[in-house]
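Each chain, written out:
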Amino acid sequence: MNLEDELRAALRREDPSSGFAQRVVARTKVTPRSNRPIFRMAWAAAIAAMVIVGLAGVYQYRQVQAERAGRDAVIALRIAADKLNIARDKVSRREN
Amino acid sequence: MRRILWAVLIAAGTIAQLPAQLRITGLDGLASKAKESVDITLDPAMLQMAGAFLAGGGKDGSDVKSLIAGLKAITVKSYKFTETSQYRMEDLEPIRAQLRTPGWSKVLSSQSKGEMSEIYMRTDQGKVAGFAIIAAEPKELTVVAIEGAINLQDLSKLGGLGVPAIPVPGQSKDQPKDSGKKGKQE
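These protein sequence lines are chains S and V, in that order.
Taking my numbering, I'd label the letters of the first sequence as residues 7 to 102.
Taking my numbering, I'd label the letters of the second sequence as residues 36 to 221.
Hints are not guaranteed to be accurate.
[What the hints assert, rightly or not] Derived BS3-like pairs (lysine-lysine); straight-line CA-CA distance at most 27 Å:
(1) V/K107 - V/K148
(2) S/K96 - V/K162
(3) V/K192 - V/K141
(4) V/K192 - S/K96
(5) V/K141 - S/K96
(6) S/K96 - V/K70
(7) V/K115 - V/K70
(8) V/K162 - S/K35
(9) S/K96 - V/K174
(10) V/K162 - V/K115
[What the hints assert, rightly or not] From the derived model, a few chain V residues whose C-beta atoms are all more than 12 Å from chain S:
(11) R58
(12) L62
(13) D98
(14) G138
(15) A167
(16) K174
(17) G194
Treat the hints as calculated values from the structure; they're not laboratory data.
Please read all numbers here as calculations on a predicted model, not as lab measurements.
Don't be surprised by glycine CBs; every beta carbon is placed ideally from N, CA and C.
Model the full assembly from the supplied sequences, consistent with the hints where possible.
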């Protein structure tokens, strides 16, 4: 057998086995990985965790802000009260 | 066009009727000269948060909470210097100019040996709607502006008692607490 015959034999046209087309179509219909229930649940859990962490962060931030505002309010009112009393004392001393 | 004109006129009228809020200006440069400074500004939202925080702080907290309940804003600027002459009386002029506008009245004034204390009040329909203090000493300058209804007798009780206990919800009264002076001091 010469080279030409060998090539012709190797490259000869062959029909696919029966059911080839159905198998190809069936493979294209396989559920993508991301649409599987386990992945959807993982995504939902991750999003829920992020929301919880975010809300906890906001709550913590607001607590810190409120604490700072409370402390500032006490300091500010104490300074105001001290200065008010000092001014009153000066005036009452002057009058006496 | 006529609608726009009316809207502008109404807006201008509304702005004209707004109470004159005191702005403490012209003192910003003093913080760098001061050995100790306090700069506190609390707007209505911050006061609301402060009230909510102080509500859980026992009697001390409820006293302060009741004081700030009617307030719209608190601004305090206080500077302590190591040397005298670190500020000029002219630095206070922008503030005093605002306090000379209609609505404000000087209720107390004291001057002696380089010290000056002035208390101003703004009333609205017979009620205290604003309160301001200027206290100038050789090595100390304090300006306080409080917007809103405040009972001066109750405020006076907060002073002269040393460092007030800062109520912390959930903390017992016997526990030592840090001075609030640390707060905004720079």
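Hint by hint, here is what the structure shows:
1. V/K107 - V/K148: Outside the cut-off at roughly 35 Å; violated.
2. S/K96 - V/K162: holds, 25 Å
3. V/K192 - V/K141: Judged against 27 Å, a Cα distance of about 22 Å means the pair holds.
4. V/K192 - S/K96: holds, 17 Å
5. V/K141 - S/K96: Within the cut-off at roughly 16 Å; holds.
6. S/K96 - V/K70: holds, 26 Å
7. V/K115 - V/K70: Holds: V/K115 and V/K70 sit about 6 Å apart, inside 27 Å.
8. V/K162 - S/K35: Judged against 27 Å, a Cα distance of about 78 Å means the pair is violated.
9. S/K96 - V/K174: Given pair S/K96, V/K174 holds - Cα atoms ~18 Å apart, limit 27 Å.
10. V/K162 - V/K115: Roughly 33 Å between the alpha carbons, so the hint for V/K162 and V/K115 is violated.
11. R58: holds, 16 Å
12. L62: holds, 15 Å
13. D98: It is violated; V/D98 is separated from chain S by about 10 Å at its closest Cβ, not greater than 12 Å.
14. G138: holds, 20 Å
15. A167: violated, 10 Å
16. K174: holds, 14 Å
17. G194: violated, 3 Å
Figure legend: structure checked against the earlier numbered hints; hints not met, in rising order: 1, 8, 10, 13, 15, 17.
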